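Enquirer: Model the full assembly from the supplied sequences, consistent with the hints where possible.
If you want the building blocks of each chain, they are given just below.
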Amino acid sequence: MLFQDLFLKLLQFWADRGCVIQMPYDVEKGAGTMNPETFLRVLGPDPYTVAYVEPSRRPADGRYGENPNRVQKHHQLQVLLKPSPPDIQLVYLQSLERIGIRLIEHDVRFEEDNWESPTLGAWGVGWQVLLDGLEITQFTYFQQAGGLDLDPCSVEITYGLERIGMFLNNAESCFDLQWNQTTSYRTIRMRDEVEFSRYNFEAADSALHFQWFEDFEREANRLIDIGLILPAYDYCLKCSHVFNVLDARGAVSVSERARLVQRVRTLACGVAAGYVKTPSETSAQLPV
Amino acid sequence: MSLEFFIEIGCEEIPARYIEATISQLSENLAKNLQAASLAHGAIESYASPRRLVVVIPSLQERQADRTEWITGPPQSAAFDAANLPTAAARGFAARHGLAVDQLQCVQGEKGLYLGFEKRVPGRTARELLSRELPLLLASLNFPKSMRWESSRFLFVRPIRWILCRLGGEVVPFTIAGVSAGGFSYGHRILSINKKFEVTSFESYKALLLEHKVRFDGTDRLSVIENALAVEADRGGARLLPDPLLLKLVVNLNEFPSVVCGRFDPDFLRLPKEVLVTVMREHQKYFSLIDAQGGLVPRFLAVVDSDGAHADQMRAGHERVLKARLSDARFFWDVDCKVKLEHRADKLDRVVFQQKLGTMLEKTHRLVILADALGKTVRVANLDEIKQAARLCKADLTTDMVKEFTDLQGIMGGLYARAEGLPSIVSDAIYEHYRPQTLEDESPDTMGGVIVSIADKLDSVVGAFAIGQVPTGSKDPLALRRQTVGILKVLLDKKLSISLEKLYSKSFFLFRKKATRTQAETWLDVSSFVKDRLRFIFKEEGFRYDEINAVVEIAFDNPYDCLERLRAIAAVRSSADFEAIAQGFKRIKNILLKSGGELSEESVDRSLLGGEEEQKLWTEVHAIQPKVRKSLRVRNYLGAFELMASLRPTIDLFFDKVLVMAEDPKLRANRLNLLRGLLQTFLNIADVSEIVPASKELSVVDASTSTSAAPY
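In the order they appear, the protein sequences are chains A and B.
Using my numbering, read the first sequence as starting at 1 and increasing by one per residue.
Using my numbering, read the second sequence as starting at 1 and increasing by one per residue.
Everything labelled a hint here was simulated from the structure, so no lab data went into it.
This one's a predicted model, so the numbers in the text were calculated from it and none came from an experiment.
Any given hint might turn out to be false.
FRET-style restraints, in silico, Cβ to Cβ [said to hold, decoys possible]:
| id | chain 1 | residue 1 | chain 2 | residue 2 | range |
| --- | --- | --- | --- | --- | --- |
| 1 | A | Val194 | B | Lys206 | 53 to 61 Å |
| 2 | B | Asp267 | A | Val194 | 21 to 29 Å |
| 3 | B | Ser327 | A | Met1 | 34 to 42 Å |
| 4 | A | Val276 | B | Ala230 | 53 to 61 Å |
| 5 | A | Asn221 | B | Ala37 | 57 to 65 Å |
| 6 | A | Val276 | B | Ala419 | 49 to 57 Å |
| 7 | B | Gln437 | A | Val276 | 40 to 48 Å |
| 8 | A | Asn221 | B | Glu553 | 17 to 25 Å |
| 9 | A | Asn169 | B | Lys206 | 38 to 46 Å |
| 10 | A | Ala15 | B | Ser204 | 57 to 65 Å |
| 11 | A | Ala15 | B | Ala419 | 51 to 59 Å |
| 12 | A | Met1 | B | Asp445 | 50 to 58 Å |
| 13 | A | Met1 | B | Glu540 | 25 to 33 Å |
Backbone N, C-alpha and C fix where the C-beta goes; we use that ideal spot for every residue, glycine too.
Expert: As structure tokens, then:
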């Protein structure tokens, strides 16, 4: 199966089930969860269902394109359902059939894995889904975000597209995947992997990044104070990414690390608190 | 009449490690509930799989027994008038309960004669009771981590998706977390996907579930897995590397297990066995296979949740995943080996030990000093190399391998040291120093391992206590209990005689700039903590609580020495003389307590000693003291106890004839001093007054030891 068919089919599957098909968010982030369509939408009482692909940047995971399994930017397909439907596990399994995974031919397991994000003050309870020993999905019932209890609880399903692609195509390396009929994953992604690995590990200007952290944090706080929550969240995300680059660069000492994480968390909680205080401008999303 | 009751709670996958605790809670709480409701029942059976909690009671009483209740009406004086006819009060009472007055009785109660009747209260049906109790039962279960998922905000371990519940073939109606109990169940999540079927009895439940590819009984899954593992190992001409913990876990990771045997590239066998086994078991839950010589073979066994129909496909998938992981491990090994441990050790300033206690680099500096002190105390050979091991023992924390597989801490350090060509004293010490991790774990084999192990654990314990991080009942994030048990176990296993307080002082001194409490305060907590752990260890060894109490308080500072005393007491305690002595000492202790005495150093005035018995006691105690001291010096505790026992006739005679609490204060004081001296002589060995004679285990103290007994 072509890499793009993989996410096109999954998006269609969830669209057929009433999800809004959204875009990846245009600010750097490490996971689909950090997209405001998840992080903010899980807060408060309004129902919402959404699905989107999210390119996820994790600077420390870069391997200059030399490791067949690890890249600094991978693609998640994120689905958020609020509230969680009672047959969600079954629906998820049907989505796997939809992309050509014949379940009966595989060892499928839901193994305990409780996701948490200290920077977002968020955590949930759930599983990693293993297919013949390969983790392909994180399945989480959110309990808290931005330090706030969630009611209703949302369920988040995060597919690892590269993993699934390699699984379906028996590929040893994600770079060998065909993105579409004519173009390979390598053609599209290799240069990005090499240059960004060099940047994150060798070339990034640490002093400049530390300065940016201070600036973005200050701006985020200023915006929280004046009630511009969505713009404030942008700056919170920027702080998080800047921290990730500094971490990959080796510029963060161990004790500083905990402090910086705490600072981002404080911003995330400030954003969350601000978000639930202000009523949404538009009427609530029609439930699925 | 009795009916069959069974319930199946259908959930999304419950974490394997919670399953047993959850099902036992469910079954125990149900039993308690039934008892409280006075519903008789036969055996309760329970079973669990990741998706189901099943409880079966083949015969449950259909209803509570009927009971009678006395309903009281007006007193007789108000119920009948002068002509002995029923009054309005009596008639009203009768009418209210639908009875005629002559159906009532007059019964003598506490306050006199009252009109009343015996009311028959029919027992409630089990069905009614269960309907009401089952939701409460489910709500009462406790989990280490619970979650919410639906609008009623019910807390449970994982979402509940269906409930099958029948009593005598009929559904027991109740609702919890938005799910109503019904008469249906579901099969295997994949092999019988989305198939719902009706279940009317437990017998049909068993058959239907198997038909739908579910083994709901853990013991069934275990035997299927064990057999399959043995068969597959055998088929490849190899043996299974036993892994009881993994086996226990794997039983609860599937509903229909089978085993698949896969291969990996023999080139990976150049990696250390520890690395390969860890990669296979930790992430992938695979079992390793070994040849007749105990070396690994390039194959693994995976327990999969499926029937064997597509084994080849699953094998290929698992092989691919393992290949990627082993490639990573090989990469880590090759890259890690390029940097010497000495070099890595300097980088430990970037690794935190504990927020307030500094970096790992600082820790290793402390460990070198402690290793030096400990090494000199036990007069170990090769101290320089052992100190080198102490300096390098945490260097592996900077390796990619340990960052990926944290369980391999210490082990990797030892392996890298060996690969580097460091002396085996150094590599063995590093390799072993995390042991023992539990009471069941082995202590290190080499003295180097022993010393670094004790130093490392002690440093962690003392450091934490010095900044007030004392573990509580539920919170022990630094695993200080385990660390302390580790220290004690090593000292006992290796028969090392040291003073904990001396070592503690050395360790505390190294924390003086970071400590938030004084050395004395910290020692109070540390020593108390150590005593508790030591008591625990001795209890596990099979010693009795009173023997333990007799020695731990007094002798804990040198744990091995404490054990020797304990062994001696255990050996002599059943002799009649010893039991009598123990009683006698208890009596003496009580007398001294009552007289407000602390154990003082006042000596006995011989001129005040009266009769034969007093004189004899004094003489014998005086004579025995040097002998006791000698025994203690050579640690002949058995001998010391025998000396103690030899005083029995004299002590008995003393108590028979002498009034300790004499009228004359001088005489009284003198006699108390005499007893004090006697007690003190033996308190150095053990507090024998703690021993409870077998005949009096945990029962009330008898007259001879009671504080109010005469004569004294």
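Enquirer: Decide, hint by hint, whether the structure agrees.
Expert: A quick look at each hint next to the structure:
Here the CB-CB span from valine 194 (chain A) to lysine 206 (chain B) is close to 59 Å, well matched to the stated 53 to 61 Å. Between aspartate 267 (chain B) and valine 194 (chain A) the beta carbons are some 28 Å apart, a value that agrees with the proposed interval 21 to 29 Å. In this structure, serine 327 (chain B) and methionine 1 (chain A) break the distance hint of 34 to 42 Å, their C-beta atoms being roughly 25 Å apart. At roughly 58 Å, the beta carbons of valine 276 (chain A) and alanine 230 (chain B) sit within the given window of 53 to 61 Å.
With their beta carbons about 59 Å apart, asparagine 221 (chain A) and alanine 37 (chain B) fall inside the hinted range of 57 to 65 Å. Under the hint 49 to 57 Å, the C-beta atoms of valine 276 (chain A) and alanine 419 (chain B), about 56 Å apart, fit the expected range. At about 45 Å, the CB distance of glutamine 437 (chain B) to valine 276 (chain A) agrees with the hint of 40 to 48 Å. The hinted range of 17 to 25 Å is not satisfied by asparagine 221 (chain A) and glutamate 553 (chain B), whose Cβ atoms lie roughly 57 Å apart.
At roughly 42 Å, the beta-carbon separation of asparagine 169 (chain A) and lysine 206 (chain B) lies within the given 38 to 46 Å, and the hint holds. A beta carbon spacing of about 42 Å between alanine 15 (chain A) and serine 204 (chain B) contradicts the range 57 to 65 Å that was offered as a hint. Roughly 55 Å separates the CB atoms of alanine 15 (chain A) and alanine 419 (chain B), a value that falls within the hinted 51 to 59 Å. The supplied range of 50 to 58 Å is met by methionine 1 (chain A) and aspartate 445 (chain B), whose beta-carbon atoms lie about 54 Å from each other.
For methionine 1 (chain A) and glutamate 540 (chain B), the hinted distance range of 25 to 33 Å is not satisfied, since their beta carbons lie about 57 Å from each other.
Of the numbered hints given earlier, the model fails hints 3, 8, 10 and 13; all others are met.
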